[in-house]
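Peer 1: Going by UniProt numbering, the first residue of the sequence shown is number 1, and it counts up by one from there.
Mixed in with the good hints, there may be bad ones.
Stated by the list, open to error - Calculated cross-link-like contacts (lysine to any residue; reagent style SDA-like; alpha-carbon spacing at most 25 angstroms):
1. Lys244 to Leu209
2. Lys94 to Gln241
3. Lys122 to Lys244
4. Lys88 to Glu232
5. Lys249 to Ile234
6. Lys65 to Val31
7. Lys233 to Asn252
8. Lys167 to Leu209
9. Lys40 to Gln111
10. Lys200 to Gly227
11. Lys40 to Ile261
12. Lys167 to Ser190
13. Lys197 to Trp246
14. Lys65 to Val55
15. Lys233 to Val202
16. Lys200 to Leu237
17. Lys244 to Pro223
18. Lys255 to Asn95
19. Lys197 to Asp68
20. Lys177 to Gly38
21. Lys167 to Ser253
22. Lys228 to Ser107
23. Lys148 to Gln111
24. Lys228 to Tyr22
25. Lys158 to Asp238
26. Lys94 to Lys233
27. Lys249 to Lys200
28. Lys255 to Gln241
29. Lys88 to Asn229
30. Lys167 to Val196
31. Lys94 to Gln111
32. Lys65 to Ser19
33. Lys148 to Pro223
34. Lys233 to Glu245
35. Lys94 to Tyr215
36. Lys158 to Glu134
To be verified - Cβ pair distances, simulated, as ranges:
37. Asp160 to Asn62: 26 to 36 angstroms
38. Lys26 to Gln144: 36 to 46 angstroms
39. Gly27 to Asp238: 33 to 43 angstroms
40. Glu212 to Lys148: 45 to 55 angstroms
If you are wondering where the hints come from, they were derived from the structure by calculation, not from laboratory data.
Here a beta-carbon is modelled for each residue, glycine too, at the ideal position from N, C-alpha and C.
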Amino acid sequence: MDLNHLLSEQGIDVEITGSNNYEDMKGSDIVVVVAGAGRKPGMTRMDLLKINAGVVKDVVGNVRKYADNSLIIPVTNPLDPMAYITFKTSGFEKNRVFGMGGMLDLSRFKQFIHEATNSPRKEIDAIVIGEHGENMLPLTRLAQISGKPLPTIISQEKLDEIFTLTKSVAAEVIKLKGATVHAPGNAISSMIESVVKDKKQVMPVSTYLDGEYGYSDVTIGVPAVIGKNGVEKINELDLNQEEKEWFDKGVNSVKNALASIDI
Numbered sequence: 001m002d003l004n005h006l007l008s009e010q011g012i013d014v015e016i017t018g019s020n021n022y023e024d025m026k027g028s029d030i031v032v033v034v035a036g037a038g039r040k041p042g043m044t045r046m047d048l049l050k051i052n053a054g055v056v057k058d059v060v061g062n063v064r065k066y067a068d069n070s071l072i073i074p075v076t077n078p079l080d081p082m083a084y085i086t087f088k089t090s091g092f093e094k095n096r097v098f099g100m101g102g103m104l105d106l107s108r109f110k111q112f113i114h115e116a117t118n119s120p121r122k123e124i125d126a127i128v129i130g131e132h133g134e135n136m137l138p139l140t141r142l143a144q145i146s147g148k149p150l151p152t153i154i155s156q157e158k159l160d161e162i163f164t165l166t167k168s169v170a171a172e173v174i175k176l177k178g179a180t181v182h183a184p185g186n187a188i189s190s191m192i193e194s195v196v197k198d199k200k201q202v203m204p205v206s207t208y209l210d211g212e213y214g215y216s217d218v219t220i221g222v223p224a225v226i227g228k229n230g231v232e233k234i235n236e237l238d239l240n241q242e243e244k245e246w247f248d249k250g251v252n253s254v255k256n257a258l259a260s261i262d263i
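Build out the structure end to end from the sequences listed, making use of the hints.
Peer 2: What follows is the structure in structure tokens.
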């Protein structure tokens, strides 16, 4: 009701309906899965694995039943394992399941670059790949401001600080206010907009790999072209040895998590 009141004041003719009946999503084009327990202060995302796996399976089973032509955007943590569970439970083609994790990490990465350089946010070009968790990989080496490589603008010490802050800031937000809300919501909105408007924007999303980056049968954050068909292309970056090791850590973390539960 609150959202409909906002729409009325803005003169926007879109109807928002709340429901606890899965059948009401029948025929949906896009389904965003946010169901599950939230992360509490002191918890890692992986602490939620066994709690949320069953919830996501149930939700996705109903998506398959009532919205079998939809695209699915998993958001529930731990994101990468939940994206894998979503993909396997749905039986959908791999391009139709892509999780929101890297887009949120990227917004934080860009903010810390902005704070370190006082550069206009729109001039910052960057990417975060890998696990949405302790092993995420903010690629400081590839970040640019107005086309200039970030490592030529600030010191290695500052780059390392940005790297660390990007990985740890979510826990700080949760400690201060109990949950992350606005930045995740905006990230989801951007992903949906790229689908609906067929923008074919390159976004870091958790999607199923089938040989890309040397891995198969795992979902992990990679840059992908997002359009009306979902993941239309996975872009493979040329990672150096250190970056590859970080990416490998993330993949192994996700695979170990998945091996610990029944799918």
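Peer 1: Each hint needs a verdict: does it hold in this structure or not?
Peer 2: Each hint, compared with the structure:
1. At most 25 angstroms may separate the alpha-carbon atoms for a hinted pair to count; Lys244 and Leu209 meet this at roughly 15 angstroms.
2. For the proposed pair Lys94 and Gln241, the alpha carbon gap of about 28 angstroms is over 25 angstroms, so the pair is violated.
3. For a cut-off of 25 angstroms, the pair hint linking Lys122 to Lys244 is broken: about 28 angstroms separates their Cα positions.
4. Distance restraint check for Lys88 and Glu232: the Cα-Cα separation of roughly 19 angstroms lies within the 25 angstroms cut-off, and the hinted pair is therefore satisfied.
5. With a C-alpha separation of about 20 angstroms, the suggested pair Lys249 and Ile234 falls inside the 25 angstroms cut-off, and the hint holds.
6. Using a Cα cut-off of 25 angstroms, the hinted pair Lys65 and Val31 holds, with the two alpha carbons roughly 12 angstroms apart.
7. Of the supplied pair hints, the one linking Lys233 and Asn252 holds, its CA atoms being roughly 23 angstroms apart against a limit of 25 angstroms.
8. Using a Cα cut-off of 25 angstroms, the hinted pair Lys167 and Leu209 holds, with the two alpha carbons roughly 23 angstroms apart.
9. Only pairs whose Cα atoms come within 25 angstroms are accepted, and Lys40 paired with Gln111 is accepted, the gap being roughly 23 angstroms.
10. For the hint linking Lys200 to Gly227, the alpha-carbon distance of about 4 angstroms falls within 25 angstroms, and the restraint holds.
11. In summary, the hint linking Lys40 to Ile261 is supported, as the alpha carbons are separated by about 21 angstroms, within the 25 angstroms threshold.
12. Restraint check for Lys167 and Ser190: satisfied, since their Cα atoms lie roughly 21 angstroms apart, inside the 25 angstroms limit.
13. Restraint check: the Cα-Cα separation between Lys197 and Trp246 comes to about 34 angstroms, which exceeds 25 angstroms; the hinted pair is violated.
14. Between Lys65 and Val55 the CA atoms are separated by roughly 16 angstroms; this keeps the pair inside 25 angstroms, and the hint holds.
15. This hinted pair checks out: Lys233 and Val202 have alpha carbons roughly 9 angstroms apart, not beyond 25 angstroms.
16. With a C-alpha separation of about 18 angstroms, the suggested pairing of Lys200 with Leu237 holds against the 25 angstroms cut-off.
17. Our distance criterion of 25 angstroms between C-alpha atoms is met by Lys244 and Pro223, whose separation comes to about 15 angstroms.
18. In summary, the hint linking Lys255 to Asn95 is supported, as the alpha carbons are separated by about 20 angstroms, within the 25 angstroms threshold.
19. Distance restraint check for Lys197 and Asp68: the Cα-Cα separation of roughly 21 angstroms lies within the 25 angstroms cut-off, and the hinted pair is therefore satisfied.
20. Distance hint between Lys177 and Gly38 is fulfilled; the C-alpha atoms sit about 13 angstroms from each other, no more than 25 angstroms.
21. Distance hint between Lys167 and Ser253 is fulfilled; the C-alpha atoms sit about 15 angstroms from each other, no more than 25 angstroms.
22. Distance hint between Lys228 and Ser107 is fulfilled; the C-alpha atoms sit about 23 angstroms from each other, no more than 25 angstroms.
23. This hinted pair checks out: Lys148 and Gln111 have alpha carbons roughly 17 angstroms apart, not beyond 25 angstroms.
24. With a CA separation close to 24 angstroms, the supplied pair Lys228 and Tyr22 stays within the 25 angstroms bound.
25. Distance restraint check for Lys158 and Asp238: the Cα-Cα separation of roughly 23 angstroms lies within the 25 angstroms cut-off, and the hinted pair is therefore satisfied.
26. As the CA atoms of Lys94 and Lys233 are separated by approximately 11 angstroms, the hinted pair is consistent with the 25 angstroms bound.
27. Annotation: proposed proximity of Lys249 to Lys200 is violated, straight-line Cα distance about 29 angstroms (limit 25 angstroms).
28. Between Lys255 and Gln241, the direct Cα distance comes to roughly 21 angstroms. Compliance with the 25 angstroms bound is thereby established for this hinted pair.
29. Between the alpha carbons of Lys88 and Asn229 the distance comes to roughly 18 angstroms, so the proposed pair stays at or under 25 angstroms and holds.
30. Distance restraint check for Lys167 and Val196: the Cα-Cα separation of roughly 30 angstroms exceeds the 25 angstroms cut-off, and the hinted pair is therefore not satisfied.
31. Distance hint between Lys94 and Gln111 is unfulfilled; the C-alpha atoms sit about 31 angstroms from each other, more than 25 angstroms.
32. The suggested pairing of Lys65 with Ser19 holds, with an alpha-carbon distance near 17 angstroms, which does not exceed 25 angstroms.
33. Only pairs whose Cα atoms come within 25 angstroms are accepted, and Lys148 paired with Pro223 is accepted, the gap being roughly 20 angstroms.
34. As the CA atoms of Lys233 and Glu245 are separated by approximately 24 angstroms, the hinted pair is consistent with the 25 angstroms bound.
35. This hinted pair checks out: Lys94 and Tyr215 have alpha carbons roughly 14 angstroms apart, not beyond 25 angstroms.
36. The hinted pair formed by Lys158 and Glu134 meets the criterion: a straight-line CA distance of about 20 angstroms does not exceed 25 angstroms.
37. At about 45 angstroms, the beta-carbon gap between Asp160 and Asn62 misses the expected band of 26 to 36 angstroms.
38. A hinted range of 36 to 46 angstroms holds for the C-beta pair Lys26 and Gln144, which are about 44 angstroms apart.
39. Here the CB-CB span from Gly27 to Asp238 is close to 42 angstroms, well matched to the stated 33 to 43 angstroms.
40. Roughly 29 angstroms separates the CB atoms of Glu212 and Lys148, a value that falls outside the hinted 45 to 55 angstroms.
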